[in-house]
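Novice: Got two chains here, each in a separate frame; can you build the complex from them with the hints?
Protein sequences, first through last, are from chains U and C.
First residue of the first sequence? That's 2 in the numbering used here, and the numbers climb one at a time after it.
First residue of the second sequence? That's 69 in the numbering used here, and the numbers climb one at a time after it.
Be aware that one or more of the hints could be misleading.
Said to hold, decoys possible - Distance condition first, Cα-Cα at most 20 Å in a straight line; then the derived SDA-like pairs of lysine to any residue: (1) U/K241 x C/V579; (2) U/K248 x C/I567; (3) U/K264 x C/V579.
Said to hold, decoys possible - Coverage of chain U stretches by chain C, computed from C-beta distances (three or more under 8 Å per stretch; other residues unrestricted): (4) 10-21; (5) 113-126; (6) 144-152; (7) 210-218; (8) 239-245.
To be verified - Listed next, with one range per pair, are the computed distances between beta-carbon atoms: (9) C/K522 x U/G128: 21 to 29 Å; (10) C/R356 x U/E159: 30 to 38 Å; (11) C/H373 x U/A250: 46 to 54 Å.
Rather than coming from a laboratory, the hints here were simulated on the basis of the structure.
In this text, all values refer to a predicted model and were calculated from it rather than measured experimentally.
Quick reminder that beta carbons are idealized off the backbone N, C-alpha and C, glycines included.
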Amino acid sequence: MAPPAGKRVKGVQVFRPFIYGTTARPFDEKTNPKPPGVPDDHTHSWTVFVKGIDDVDITYWLRRVQFKLHESIPNHVRMIDGEKGKPFTISETGWGEFEITIKLYYVPESSEKPQTLYHHLRLHPYGRNEEEKEAMRLAGGDVISWVYEEQVFNEPYEPFYDILTSGALPPGGSLSNRPKGGGKTKGGKGGKEQSEVAARSEGGVLERSAMIPMANRPSHPFSRETEALEIKKLKEAVAKVNDMSAKLAAELERKNQKLAELKA
Amino acid sequence: MASHDLRDVLNLPSSDPARPAKRQKPSAPRPNLKGLAREVQNLGGDNPISIVPDVSVFKKRRHASRKPAARWILKPFTNSARDDNGALVLRHWRRKTDDGAPPEPVHDGEGGQPADEGADAAPDADEPLEDSAFAKYNVRVQVPQYSEDQYTANLESDDWTREETDYLMQLAKDFDLRWPIIWDRYDYVPQPQTGEADASDPSTAMVPVAQSRTLESLKARYYEVAAKMMAVQKPAQYMTRPEFELYEMMQSFDPAQERARKEFALNTMARSQDEAREEESLLLEIKRILARTERFNEERRELYHRLDYPATDADINSFKTSAGLQNLLQNLMTVDKSKKRKSLMGPMPGADASPQTAVPGSAVSEPPGHHRRESIAASVTGGGGHRDSLGGTPATPIEPTSAAAAAAAAANKKKGAPPPERRKLTPIEEQTYGVTYHDRLGSGPTFRYEKINKLFSHKSGQQQQRINNVLTELDVPVRLTMTTAAVSAEFETLWAAVIKLVDLRKIHDKVDAEIKVEEAKRAEVARRAGVKVEPDAAGEAPQGDAAPVDAAADGGKGGEEEEQAGAGENDRVGALARPGSSGAHKRSASVLSTTSEKSTKRQKK
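Chain C extracted, bound-state conformation (with noise of 0.2 Å):
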């Protein structure tokens, strides 16, 4: 706002008559002021405020070098990814670089134009022409190379003749492996093979019937042409494994799953949206369909553990007694009443109330009997179902993703076999970890010296006496040193042998006193039936110094030899306590009686 305006609001007179005028002289050195200095300088209306500084604004200097500008020059080149061996040159802007390029400074010094002397000096000095820079992206790829033997020995097909394959690996070879432009360009027309006849009978000309190729089967023609020669040229064992990779992947093309691939790839693209939409909620049902399978499937399961007896290896002697059941009943009761207890508030409270009331009164009443089998159900489930519900949690969800019902799938397979797949231990780490397998346990610890201590204690005291008297005879301490699974096993063989030993030698023994009863007996009768009567026969006979003499000396001197053999059997087997003492204690009892008898005997005679 200038004074002027003021002036005209406040309807002053102006104060310069010559007005007109000066406006217009201010207003050729102002133009310059921009934004807020204008405002500025505005305000002081004709008088210029003199505080606003007249910056004046000049380009900015350039700082670049004071070097002469880089020099262009035109230079030919050649691209040696053409294969017209280098006759067409091309020409193109490069920059000239004094060092970089030696030879041209060098030749040409400093001349007053370098730019025309670079483009004269370029073909004068025939030089070797560039290379393009994008020659190196040409990259031509190894196409199989076969000689005849070569062929004829593994390349042979039914499908392929030996011409068109060459065709194929030609094209292969111009179009870069590029499948569907080789696929495109692919026009072989087989060679009339038999020529002159055809030749000679023009009239029957065969138009040889090009064979349409699928990109499939080229494919597949040229991956096992490549595999083949690779494994021809290096044997399988022998390949570094990026070569070995590529083998394999070259053996394994299966063209017809690659065309089951595009179809399908194909028909996924060609779907309407409705289409789509539909085959989800077919994907949806089929998976709410295999949830429910499992589902089924596990119920199954389940009722057939519950079908399934309770194995038990306790002793079942004691429910055999009927006070014995009646015990058993009660003491599912409790354990059912407890249960109960438990679910407290269960759907059904006075049901369970009424089994309460009548345990009571009559145990054997049908409430309880009922009862009872569905604590054993009950029982039953809670042992196995413990597993299951372990396993069977990821398969209840009714939508899980494909993975993870697949999963769930797997993991209920692996529940179904019989011994749970855990971390495989290789044999060292069983070895180390003392880890082995056995078809039956018993569960829990034990130590390895309890299993041998066990077969002592299942004997009787008597029979204990004679193993450990066998023991001390083969020097073989009652407690092993090492009680490893092996020394056990050892001992457990050694266990058995003195057990057989030791039964033996009780048979022994009875079979000795039998023989002496035997004898004493014929003693007896060949006396009665002798004429004399020793008067000591009585005592004597048994011990068969004073054998009867005549009709029974047979026997006796039998019995005598027995008698040493078993004396020499006593003292090489050792003159400890041995079964052996009992046996004879038993022996001298029964000659006693024996001895009685005849005595008796006697007597009435």
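Looking at chain U on its own, in the form it has when it is part of the complex (with noise of 0.2 Å):
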């Protein structure tokens, strides 16, 4: 680990969104042959990858990521190295399920030490409901377990802070030869989300920067859409536990009173 360079920027959290997560197919005569050399057992092909949102680049961030796989996996910690432009992936072959260990090591700049994820390689769809299956299955019958994620550095140092504050816009943040996004907004964040709009360049989201794409597009089911959405299902869920704790607590009256009463 390099020694820090400078010192931390204070009171300062920047974030970088990223996506880890398995993506496994099972095998299959026509769609999805076996390859010569895998054992017989095996049923399913998989890949795990950390990458950037939108397949942005995230290597000036992230520097290597180490997998560790299961043990009966030969060669089973990998560490990928990071290619600009390029996710960090590593494809397998195999038949059952595990743990895999994904450690994450940040560029030297960052003198940060590395992070550990933990994700669960699944092989097939899982859910409560045969709806939280099926969200799992994409059309080709790849199993998905994806996760967002979203790195947040805290109090970065200088150097890093001046790599993680720059690149994505002409420096001094001017925006007006850019051209403005459809001016859609959604509730939740309200003028947040506005400015939002007018420094997304259209289409995606820019290199270099912490944004999240508006809607969703196939196979990016992560998007300012889906927080939404998720927003709006939280709340619901607080209005419903705030009116199931406003009935309790008012049954709770009635027997404290009802038991006053007993006791008197």
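Specialist: Here you go:
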């Protein structure tokens, strides 16, 4: 680890969205024939990956990723060095699910220690109901288990801060020459969303930014749309819980009264 | 050297008797030769060497054009810059151009004496006289014009009358804003305002005092008028850039400053060599003093830093015991030792050896204690001092240039402010790069989901179970789909609400149980007081169906109601393994205990 260069930028938090997870596909004579040399009992081919959202480059903050697979797999600890613009991936075949340890190593400028994520390899759709199971299945029969995550850098060192806050926009942040995105705003975040729209180049997200796509696209399930949906869901849940607590509180009140009566 | 000279040297008799006569002869054709040619010629002596070419030099023929010599004419001209309306006509020589000045050749054709004709023609043709080429350099300045109304509306001044302002404007126009001349010629004599009164009383004739004006006051007035008129003609917001700059400049004219500047310049010019030298040395002195105070401040700050105890957010409980302290001491000692070793050959190797030897013997002895304090201070400055040295280095040289000193001072000032100034991000940039600002942050990389994970892991296993149950009821997946900042915030509110609900349920169950106990008690009391003893009362009473009949009827009914309500609640909430189940368990246990109590009592009976 390089000695800390400069000092930390106090009170600042910078985040970068990224996706990690697995994509599995059962072997099939037609669509996914078993390559030669694969043991007979292997039923699936699968891929574990760490990548930027909307497939943007993340190697400017993530230097390498260590995937720790199941011990039964030969060479089960694999170090993948970042290649600009490419995701960190490992493809394997197997028959069983297990937990993959994903260790993220940051670029040397960050002077940060590696962090660990755990991900369960899914070969079979899993869910509490059919609907949820179906959600894990892509059109081609792939079983996906993707996780959206945000890498939060709290008080990054100055050189790293400079890296994280440059590259996406022309210096000075002037956006006058940038075409405005479709003024599509969703509830939940109001004004913040609005300015986000202005900052977005048409289409996807800017390289080296912390932006999230506006809308879902096939095989890109994570976007502001999904976020808004989730927020809505959570808000409803909060309302429901509050409702339940209110009812319960009222009942409790009554019971307390009754208890007092009884005790009297 | 000629042949006769040789003969002369060798004392040979002159071969030529008629020498003098001959000598005169050849001298005639020779004299034209120059330089080397002549020398060579001379070598030949009296018999000229024939190889020397006899170059005849002619004047070079001029290859100039065979055109007739250029003709010059004396042309009259006026100068439009003069305001005598062309009264003065001067003449100057001009080359006569055949085609350039068409009227003349056309008129005169190919006359024998063009020069004469040209001279004649010019006045005859009554041609518009040529304007002087220098007339264009006579540029009149634009002096602001104002009408009576405009003056009264904008330009009124206590110090300046309308007349004097006019006079100033006139002078400015006359002398083209050459201020020294304007000032020199400025001699305004105010008109006696009350002419009649003065005239009627000649004995007390007021001699108006000519107010002497300084150059600066003249300028100030002029610029004031000019700026105001400019603004009147064109409001400031419509001005073009150069116009606005001019306007700004005129508005910001400060006569006092101008005067001070001139005075300063005058002083600078007037000082003697010695004075200049002294001034220089004083300046140096000041710089030195400034640098010293800077360093002094620096040291003081460092001292304050040292006095500050190191803020720690780590748990200090482990140091509260004497064993913990001992441990800390040892740690510090080793840190200290390694530090000392690094700076080996320090000023006092003996001093650092003694604590080292003292360590194993008695860790609580005096020298290590002293040492410890020192090392704490060292470690404190080790953290903060780094920053200081970064900003402080430019200030250390004794004689920096004044600019450098100023920069260093600025840097220090900046450093004094708690958040170090860095490139300010625009809101858009902050959005794009995902930069947010927080009061308290644990530094280092984390994942957004970690926070939510912590919410879970901070709860006990049983509570986690309950919370998970509630979340399942709500159909909220335990793992969020998109853990953005907004989503996590939302989840946290949900979390708080769920915790509240779970707590409420716990209390609710407890109260339920208590009610049961109370009811059972009542039933018991009633049973004891009442005559009939139901054989099945012990088992059935708590259940509420075969409620005690008489005295406790009310309570029993209430209990039954309660029970149903509770069951309803259970159904509504979902018949999953919810906290209620454990509560129910407890309740049944307490019920059991009460029943057993009852039965024992009955047995006693």
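Novice: It remains to establish, for every hint, whether it holds in the given structure.
Specialist: Hints versus structure:
1. With a CA separation close to 23 Å, the supplied pair U/K241 and C/V579 exceeds the 20 Å bound.
2. Annotation: proposed proximity of U/K248 to C/I567 holds, straight-line Cα distance about 15 Å (limit 20 Å).
3. For the hint linking U/K264 to C/V579, the alpha-carbon distance of about 12 Å falls within 20 Å, and the restraint holds.
4. Chain C is given as covering the segment 10-21 of chain U, and this holds because 9 residues of the stretch bring a CB closer than 8 Å to a CB of that chain, at least three being needed.
5. Using a Cβ-Cβ cut-off of 8 Å, 4 residues of the segment 113-126 of chain U lie near chain C, which meets the minimum of three, so the contact claim holds.
6. A count of 5 residues in the segment 144-152 of chain U with a Cβ less than 8 Å from any Cβ of chain C is obtained; the coverage claim is therefore met, three being the minimum.
7. Using a Cβ-Cβ cut-off of 8 Å, 4 residues of the segment 210-218 of chain U lie near chain C, which meets the minimum of three, so the contact claim holds.
8. Proximity of the segment 239-245 of chain U to chain C, defined as three or more residues with a beta carbon under 8 Å from a beta carbon of that chain, is established by the 5 residues found.
9. Distance hint for C/K522 and U/G128: a CB-CB separation of about 26 Å, consistent with the stated range 21 to 29 Å.
10. Evaluation of the 30 to 38 Å hint for C/R356 and U/E159 yields a pass: the beta carbon distance comes to about 34 Å.
11. Under the hint 46 to 54 Å, the C-beta atoms of C/H373 and U/A250, about 53 Å apart, fit the expected range.
In this structure, only the earlier hint numbered 1 is contradicted, and the remaining ones agree with it.
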